[in-house]
Amino acid sequence: MSDNTSGLRTRPMHAAGGPSRVSRALARNRLGVSSVVFFIVSAAAPLTVIGSGAVLAFATTKTIGIPVAYAAIAVVLGLFSVGYVAMSRHITNAGAFYTYVAQGLGRVAGVGASFVALVAYNGMQVGLYGGFGGILAMHLNAWFGWSVDWWVLALGAWLVIAVLGVLRIDFNSKVLAVLLTAECLVMLVFDAVELTHPAGGLVSFTALDPSNLVATGAGALLVTAVTGFVGFEGGAVYAEETRDPKRTVARATYIAVAFVGILYALSSWALTVFTGPDQIVGAATTQSTDLIFTINAGFLGAWIVDTGRILIVTSLFAALVSFHNTVARYFFALGRERVLPGGLGSTNRRTGSPQAGSLTQSAIALAVIVLFVVYKLDPLKDLMFIVTTYGGLGVLILMAITSVSVIGYFLRRPAPDENAWRRVVSPAIAAVLLLVVLYLTLAKYSTLLDLPSGHPAVWILPASFGVAGLAGILWGAHLRHHRPEIYASIGLGANSVIGRASREPLAITAGPAPADRLPAFTGSPGFADDEGHEVFLAGRDHPVDPIGTVLSEAFLTGDIADWLVPDPDDRRRIYQQYWRMAAEQALSGAGEVFVSGDTSGVAVWYAAAAGPPRAEPPDFTRRLHAICGPYTERFLALHAAMDAAHPVRPHHYLAFVAVTPEQQGRGIGTALIRHRLQELENMAMPVYLEATNRRNLALYVHLGFQPMGTPITLPDDGPRLYPMWRPASIHRGL
Amino acid sequence: MTGRAPGPPAHLRLADEFFLVAHNHDADAIVPRLHGTGIDLGLAGALLAELVLDRRLQVTEGLLVVLDPTPTTDPLAASLLRDIVTEPPHSIRIWLDYVSQDARDKVGSRLHVAGHLAQVRTRKWWGGPAVRYRAVNAEMALVPEVRLHDLLARPHALGIDRISQEHKLMQDATLAALAHATGLLSALLWFHGPHRARSQVDELRRALPAQLLDLANQTEAAVGDAVLGRRR
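Each protein sequence line maps, in turn, to chains V and A. Under my numbering, the first residue of the first sequence is numbered 36, with each subsequent residue one higher. Under my numbering, the first residue of the second sequence is numbered 40, with each subsequent residue one higher.
With the rest of the complex left out, here is chain A (with noise of 0.2 Å):
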């Protein structure tokens, strides 16, 4: 893998950004900003996300409804569509529950494929081989928390209303709710003040269609109840 050259940077979707965001890439592997449950259940919730993006998925009612079943061109993601296709229908929380169950395998290994991450053999602390990533490129990398910067530190009214219509700006603001969703946001916050910037976020929220801002709130109330219920 490592051979590759980091080509023009390909097109990053929303669970691969999640992921991107939600580590530190100024190590020589990467490190987790935010709590496993929390990660797990915002790349769940980014993988659905980018199905709805890709108007496969419509949220209705708390349940997740198949729109059109052709298959996406991003393996992953068809994957998902197709268990959710030939499912019974669950609701939201269940398949955020299922899809987090080995959402950062799979985003992981989607990122290492694209050449995105490369594959780091360490050894854990008490012995025995562990696999662990770095980014092949830390600034290719960073783009996604930079854009989430810029889109947060944006003036209010440059945008913000053409969010329905730019699908590229429809998945930042997506990223900007999931990170908000999970309590990522506190570790994007450091270069403005975080007042400032949630009244940004609560303006994206409100801006965002209805139906990535529901997957937005099961995301957020997902994580809560893993902090209610003891055993994640």
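Looking at chain V on its own, in the form it has when it is part of the complex (with noise of 0.2 Å):
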């Protein structure tokens, strides 16, 4: 009889020996580090953030500490990501921030944190149609003396935006990464004119002194800087298609974060030292987004810039894709947990794409590039470098919160796996630097508009953010009160239909099989589980007691234990002398007891090799009656129902597996068996036992066992035990 609920439990266990077929079906189709990089920088077009983002802010901050201001922020950045990566090992829909202050900060604080995110990514989105149309225009002119009308550019590219989303046609990955290779590379050769043409031939570091931090208009220089790394957070994403989840999206974050860093604060220094500091915000303000080319063009051949200003077009093409997505996503997952209409999340049947919110946010696009147009804005200054830093603002307050967010998390929630420095330590910090960009930014707000401080748009534009995060609390607090099952999956993305998170990680495991990890076993000391439970076999020096009293704890409930004695008063009292009986004969060298470290488990082994085990003592009749006495006929019959059932093929019988009841399910009864199970398997000895109900039944079969022959039937109606054998080598099939 092996026991019932002795803490055997479904955790993954190779009864093979080897990694697992799904595992490694799935592992196939995993990303690697690189993979994951370049999916975060691609997100990131160097080219636009450089030759549009860097020049606007020379032009509009009138201040010279952008370079400075890209290298302070990757390094916030990294801060940041520790803790948020961190974190998204442990929860699902892990690429958006409002399920880590839905779990961190509470659901109601969730929901205002996704109104934010979505006024935030469609401005980054809408944005980046004033720079497409505008750039664009500008090199027509240039090229072919056309001139257009940039909103006619930025509403070809909306349709064709809006058409791809709807038609999920992403770009080819490819494809991406040859525009990408090609930004980086025309864009360290702009660098390295620049550099080796310094003006006056003095290569003046100037724009990297930190003192530009503390200068006045910092804090525009700040978020710019935040709004040309928009996109890393992506990598999170990823996380559950990585081959280790645990180290390949915080490796890709942080490789992703430093290069962007590097190439951003890099390449705006280079032009600092080109024009010499002192003339850039005058070079800027009158070349504008011309002003990298102008540059280079006297020393470089025509097609190498031409090069660079197709690519600054595609670049910004593909990030408004890019945001387009993210913000179509973000409402597709909204409308699954229902918390904006339910029908955001609804898909197209025939692509698979996220229709409704692909459709919404191209209305709210045109939307606000028709308002452009009727006001007369320039796409450049006000769209392009306003708008787009608008989104950068709102990010920037949403990775502040975020960062308070994850210290919430693991306060609440024990993760032994996670350290202080990515539990506290390291989001603690980011959390406060993140508000100190914060306030320089909205202290310094008017320099990044250029407008006099008492503008309305001062205000109004940051508290704009205030707004749509109030309208969220409020509705949050709504669905707390009226909507309940609503509240509940805020967070879950499209597992809201599940009500949790769906995968718990699976280990993948592409190198050595697990088996030859488990430690050597010696007979004693002992071994321990990889979960930390150690089992030692017990010498036939070992006291009885103990062992007797685990038995007898572990089988004390029951239908067996109800049917053998009713009365509970007299079972506790038989058992411990039974069990006590039972112990006594596998220590006395018949059997082989295993006992896990504390004590709290025991399994006991029988050989039948050659001839029926030896589990019953020689007085064995004679003592049942000294111990059960009204109860010896019960005790009787299941023994003679058990060795009838008993096949008679050599194999080694799994007499008990026990558990103390206040340790069950810990995992300690699979640690008790399965080092002895593999060992029996690679001696192609087959194994039987009795399982005593159907839950435990499952759990055998996931060992290598399978049921055999009829169940056996205990006399009086008496409750049924299930004979289970697994065989040689299970890979002999069914």
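The set of hints was computed from the structure by calculation and includes no laboratory data. In this text, all values refer to a predicted model and were calculated from it rather than measured experimentally. No residue lacks a Cβ here, since even glycine has one placed at the ideal position from N, Cα and C. Don't take each hint at face value.
Partial selection, computed: residues in chain A whose CB lies under 10 Å from chain V [as the list claims (entries may be wrong)]:
1. 101
2. 125
3. 126
4. 128
5. 137
6. 222
Please assemble the complex out of the two chains, which come individually in their own frames, going by the hints.
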């Protein structure tokens, strides 16, 4: 009889001794570090950030500190990523900031964050239309002398993106890779030209001086720098698709932030070196987004400069598509959660695109473009620079709240595999720094807008995030009181339909088989299971009483116990002696007894390689009468029924697996037997046991056992036992 | 294959029905009505649901537990069951991902072997051969869809409470739930107003045994995650 609730647990056990087939099949499609780095960087569009973002920042803020701002923000985001990535491993729907807030600060705050995110990412996306239209119009004029209005080109791009979004046509990753590599190369060539032709023959490091960060207007620079990095948070989306969820996303995020940070700082600094730090503001104001091309046109072949001009347009377009999809997915996830109307969670039947979310984003973008046309605002300075940095401000707010959420999340949930640096220290430093950046930005927002500080836009724009957040919080509070079923699934994204995170991480093992890592078993002093349960083989000198106690306590409840001795008081008394006898027999040398480190679990094996197992002491019947008194008949019937069903082929008999009730469900039962099972499998020795209920039957099936024959039915309407057999090689099929 | 006379309509298993419902049969070759990820995951859900309907598997707390490892008479289901028995326990989601990788090929060839689909050799538009299927008997291929229509048009009171007793009804209701989960249902609702049919589907889902509903919901979540995760 093998125990009913012995703490056997369904957990990965590689019965076949190698990585499982499912793991291998799924591992084939998993992403490595370099792919994730590429996905992250491709959302960044370096040429756009330097060619328009940095240049417009020089022109608008009239300061030269943007290079050092890029470097500083890279450091802050690196710190932010530590806690962010650590938490992404523990949650589902990890690509969206509001999930972190919902899990860390509560669902009401999460809804607030989701509204802020919608506004911010829409801002990022729509702003880029200004850049696309404005820059392409300028190039068309330069190349062909055509004068096309920026908004015509922007609307053309809008139409293409709206269609691509619904058809779910993403850029082929190879095309993106070629474009991105070309962009970076062009950028580096430009940098080389600029640095080798410094103004006045002297390379000036003024723009990299950290003192620029405390100068007036620094806040405006910092938020511009943040805007250039937006998209780096997307790596967490891939957490469940990577080969090693623990490391891949973390490494990829750090590498991407460092790479992008160095490239941005270097390239924007090179510009100041070429013009001279005192001239850059003037040059940027007069030449605007064409500055990097006119600078280099004098030193490089026209083709390379024109390639750069084409690449800045393609990179803007790729960024437009990327942010469009981000917003569409936000709408989709919120629709699936029913935080927003459920219709937003619908997909296009033929393409599987988040159709409703995509169309909603397109409608918003169209409205904003039309507004800018009607009010005759400038595509580059007003739409591109101000609206994207407005989006960047929203993302900055979200990141600050997310850092606090990470701390809150890990305070409430113990995560032994994350150290204090990742749980608390780094998110706390990041939160403080992000709040400082946020404060500086808000204090100098008028510089960013290039407006007098009394202008209403200076407070309306930042306040709009407050309004969005407050609306979200009120909506979240409403859901909490009136729609609890929706409230419960906030932050779960597509998994809201099942009301919980769906996947426990799958241990993907592409490397050596786990069996290779099992410590060698030497009989004693013992070995540790990979969950840390120590298991010893008890020698003949092991005290009998502790083992008898574990057996007696573990088997005290259940159908069979009720059937054997219906009266609980009698049962307790009888069981103590009965199981002491069983333990004594097992320790007498007839059986093998495995004991867990703290003696909370016991497994008893009998070899039946040559004849039936000697599980009963010689004077069994006499002793049983002495112990059980009036209940003896039932015990004898149980033993008779089990003996009758016992197979005669050579095998090992797993007689008992017992874990004290308070320790059950922690995997101790599995730990007790898995090593011996592996050894027997290596010896090509079959195993037999009797499971005491159907639940256990299922658990043993996962350890390679199969039900055999008919269940053993105990007399007088007694419960059933299920005989199970584990073949010598479990590969031999069913 | 073509010589075989369309015999008496053989029993179609759940994944076969999902495959037939997920394609149009009015052209020379079958044309998908649903995006690829939806078909793959829907078929994976249907293959797992077959084993639940056969009382081989049990769905508990997001895990698949083998109740009875006796092989089924259907070879595809039997090989899937063998995989599940020999593998360490995985969550339903991992099984869905795994099974969906080749579900379309396997269910397609099962229908082919059973004589319901015939192969059509065509050329891809950039050249190179391609094998596609066409229904041997288009009326036969429409049977599951017609029954689904009946089920969705049927007045509420009739029979829904019998779902747990009647195996065929349970299979039909599971098919409806999977069609709902993958987004396929909108293709089937041309016949009667979407609102009415949706409330019928909700009713059916409520009457479905918890295990099958859980499988359908897991499939819906997997399809949703595929929309959010950018790679499929």
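Task: When the least beta-carbon distance from residue 126 (chain A) to chain V is tested against 10 Å, hint result - done: holds (5 Å)
- [ ] Classify the hint on residue 222 (chain A) as holds or violated, based on whether any CB of chain V lies nearer than 10 Å to its CB.
- [x] Status holds, d = 5 Å.
Open item on the list: Tell me if the interface restraint on residue 101 (chain A) is satisfied: Cβ within less than 10 Å of some Cβ in chain V.
Closed with: Cβ of residue 101 (chain A) sits 7 Å from chain V, so the hint holds.
Open item on the list: Tell me if the interface restraint on residue 125 (chain A) is satisfied: Cβ within less than 10 Å of some Cβ in chain V.
Closed with: holds (6 Å)
Task: chain V contact restraint on residue 137 (chain A) - CB to CB distance below 10 Å - done: Cβ of residue 137 (chain A) sits 5 Å from chain V, so the hint holds.
Open item on the list: Under 10 Å is the threshold here; is the Cβ of residue 128 (chain A) close enough to any Cβ of chain V for the hint to stand?
Closed with: Interface hint status for residue 128 (chain A): holds (4 Å vs cutoff 10 Å).
No hint from the list above goes unmet by this structure.
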